[in-house]
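Top to bottom, those sequences are chains A and B. Per my numbering, the very first residue in the first sequence carries number 1; after that it's consecutive. Per my numbering, the very first residue in the second sequence carries number 1; after that it's consecutive.
It should be emphasised that the hints constitute simulated quantities derived from the structure, not laboratory data. Computed from a predicted model, the values in this text were never measured in an experiment. Zero decoy hints are in this set.
A few chain B residues that don't get close to chain A, going by computed Cβ distances all over 10 Å:
1. 4
2. 118
3. 122
4. 132
5. 139
6. 141
7. 159
8. 163
9. 180
10. 182
11. 184
12. 192
13. 193
14. 195
15. 196
Have a look at the derived ranges for each label pair, beta carbon to beta carbon:
16. A:551 <-> B:173: 26 to 34 Å
17. B:173 <-> A:594: 30 to 38 Å
18. A:229 <-> B:126: 50 to 58 Å
19. B:33 <-> A:455: 48 to 56 Å
20. B:139 <-> A:531: 50 to 58 Å
Where is the CB? At the ideal position from N, CA and C, for every residue including glycine.
Listed below, chain by chain, are the residues.
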Amino acid sequence: MNIKDILTAPEDENLFLLGNEAAVRGALESGVTVASTYPGTPSSEIGDILSKLAKDAGIYFEFSTNEKVALEVAAAASASGLRSFTFMKHVGVNVASDSLMSLVYSGVNGGMIILSADDPQIHSSQNEQDNRYYARLANIPMLEPSNPQEVKDLMKFGYQLSEEYQIPILMRTTTRVSHMRGTVNVDSLKKGEITGFFHKDPQRFVPVPEVARVNHRILVEKIDKLQTEANNTSLNQIFYDGREIGIITSGSAFNYMMDVVEENDLPVRVLKMTFSYPFPEDTVLEFIKDVEKVLVVEEVDPVMEKDVLAVLGKNGVDKKVHGKLDGTLPLIYEFNPEIVRHGVNKVLGIETSTKSKENEVLTLPKRPPTLCPGCPHRAIYYAIKKSIKDLNLENVIFPTDIGCYTLGIESPYEAGDYLLSMGSSIGTGCGFAKATQQKVVSFIGDSTFFHAGIPPLINAVHNKDNFLVVILDNRTTAMTGGQPHPGLPWDGMGDPAPEVSIEEIVKATGVDFIKTINPLNLKNSEKTFKQAIQHQGVSVLISKYPCMLIRNRGRKKNFVVEVTDECDKCMVCLQDLSCPAIHLTEDGSTSIDAQLCQNCSICIQACPENAIKVRKI
Amino acid sequence: MKTYNIYICGVGGQGIIKTSIVMGEAAMKIGKSVVMSEIHGMAQRGGVVSTELRIGQSHSPLIGDGEADLILAFEPLEALRSIEKISEDGCVVTNTAPIMPFNINDSDNKYPKMDTILKELESRSGNMYALNALEIAKKAGHILSLNMVMLGGAAAVPNFPIDRTELKESMKDNLPDKSLEINNNAFDYGFNIVNSK
Chain A
1 MNIKDILTAP
11 EDENLFLLGN
21 EAAVRGALES
31 GVTVASTYPG
41 TPSSEIGDIL
51 SKLAKDAGIY
61 FEFSTNEKVA
71 LEVAAAASAS
81 GLRSFTFMKH
91 VGVNVASDSL
101 MSLVYSGVNG
111 GMIILSADDP
121 QIHSSQNEQD
131 NRYYARLANI
141 PMLEPSNPQE
151 VKDLMKFGYQ
161 LSEEYQIPIL
171 MRTTTRVSHM
181 RGTVNVDSLK
191 KGEITGFFHK
201 DPQRFVPVPE
211 VARVNHRILV
221 EKIDKLQTEA
231 NNTSLNQIFY
241 DGREIGIITS
251 GSAFNYMMDV
261 VEENDLPVRV
271 LKMTFSYPFP
281 EDTVLEFIKD
291 VEKVLVVEEV
301 DPVMEKDVLA
311 VLGKNGVDKK
321 VHGKLDGTLP
331 LIYEFNPEIV
341 RHGVNKVLGI
351 ETSTKSKENE
361 VLTLPKRPPT
371 LCPGCPHRAI
381 YYAIKKSIKD
391 LNLENVIFPT
401 DIGCYTLGIE
411 SPYEAGDYLL
421 SMGSSIGTGC
431 GFAKATQQKV
441 VSFIGDSTFF
451 HAGIPPLINA
461 VHNKDNFLVV
471 ILDNRTTAMT
481 GGQPHPGLPW
491 DGMGDPAPEV
501 SIEEIVKATG
511 VDFIKTINPL
521 NLKNSEKTFK
531 QAIQHQGVSV
541 LISKYPCMLI
551 RNRGRKKNFV
561 VEVTDECDKC
571 MVCLQDLSCP
581 AIHLTEDGST
591 SIDAQLCQNC
601 SICIQACPEN
611 AIKVRKI
Chain B
1 MKTYNIYICG
11 VGGQGIIKTS
21 IVMGEAAMKI
31 GKSVVMSEIH
41 GMAQRGGVVS
51 TELRIGQSHS
61 PLIGDGEADL
71 ILAFEPLEAL
81 RSIEKISEDG
91 CVVTNTAPIM
101 PFNINDSDNK
111 YPKMDTILKE
121 LESRSGNMYA
131 LNALEIAKKA
141 GHILSLNMVM
151 LGGAAAVPNF
161 PIDRTELKES
171 MKDNLPDKSL
181 EINNNAFDYG
191 FNIVNSK
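Working from the sequences, and respecting the hints, build out all of it.
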């Protein structure tokens, strides 16, 4: 499949799509004309594909500076009558939540979907928060697809519902849906309005207290009507007609449940919750009427389980509810068919035959992710660690941030001591500088700096803090696959765009020590770092060099880097740099894998014996 | 119809996801029901990458222990790491060219000897095929065709549910035109080696 097929495939064609790709097709079939995001796994591919297709589709797409801005861009488009789509990883919704809460009050004109890609199991995140709580917190209708076909179809359904009730819709996927690939039968595309018009209505759109009070009442009334919709929808489907257990499930958990039931022919019936908030109380009551027990199978928190218990309590129904709260299913991490099988068997009173694992004869070495060969972050980490040793500094605190450079927590760099969220390295830097006498060096990436690093930097200057911020500017949003950000001269549509200078922003905050260095020049990095860390006040070092994955794409090498016979086996290159391209040979010296090596040359500079050399090819 | 489960594993950057898409799309085109799970994000930075492909009737794309009909391992250590997935009569096709974990020198557990890995794999699967896909890919014209060597190898195992011709069609749809010849050669080399065993 070519990416373009997502845009060009005619009605009724089958495409083999990722959940995230299906979301794009769903948006295009719904006439979405404004889309915005800040990249984050597991939602990133939606933006990657839109950035490739938006122009041909004749719609607008942007990588916004952060999720809050992304939501605001989409909200205003919707208020102006256009259909808009914003999407982000689960923790991105936290960033957007301040505006989300108000947006639901004032509502939308053009349909609007906010897609939250949750990450049960924490495959690529800092937590596994369950964003179904946001549906309850903000009072926003929720749709939960289980596979790519449903992602696409629910986009279309969601836009209709959104417009009918003038309310944004929250679609919740999880990693196993976002990154699940399956057959998607597509419908025809819909052309949406390109230009909207905003009809002023401050009594609706400006939530001063008197307006917000009215809006809250309107919202509650909408939710009441939407509950009737949820009770009557055919989306919340019942499968099988066994009487022993009524299973209520949603999302990925539904897939596991169905496989388990089909395999074992269990005496159960399954209610698939797709339109899951407002919680369809009547549907649930009706469903459990004829079953002996109830089992709720959901990821991650016992959200529906508590809703079911409330429905039972409210209606005076005495029926046993199993799930996470009674320990039938685990409280944390994602499910799989085995976990679900085990849970349902417990309720049925069947012994689960666990396949005995064969004795492991070998304990295998782990393969953790690491900084790529040639990564400029490795160079700056090396220089900083060495400088700190030279200066005999002890107990230096390294608040870190979110990006590839978080991998710097690993040995030998050990350059990550504290992390909360996007931008937290600078805010917590302020706190450590105030609370301790220790030296503080905060690490933050370029995209993360734009996202949430600027307000805390202003805070640091204004509150007269004393610490060093190292901005790791690798000219891209690397961890999520290389998306552009405001510091680059092009935008999310691939058009030329003004390049916002990090250095000028830092200067404008009043930081008086600011230096930009090329991290691949180790001597200069060490010299400048030593000045910076000894400077009183807030100092900023911008370590600027492009990500090797981008810089060297399609580049032909004209030299190779090799370890020569002069190597005295001191192991500095191997142990202090820990580059994946450098390995130990059988005779105890080191060797460089020419395939992996990106010719960054830092090992040449780091070698005390000058034993690593360049050879022209 | 019984579901045919394929577990594909290796290291970030080896072309595992692309290979899985070639397979999955080929299955879809011949009217089979297919679901697949991919890993994106942090793991791709030199970490373990796996995809799970289920062809037949299933809702979930995840393959449990003892359920894989085929383990297609792009890296031998990763073959061993995933061996619990293998079903009783499942096949293993593994590349024998190792990629050392970056921290192997500091690791308490050394990288096992290749003989040890292959013996262990053989003891767990009666149908184990080992090939040096890296060398074969070089012979085919480019090391990046390693994934198509592996795909060719997979296509040759008994009961593999997709024909060679269908896979080749799917390769045409999913790979750049300019490298198609090399990739086709790589596929054929892989196929012939496993087929002759």
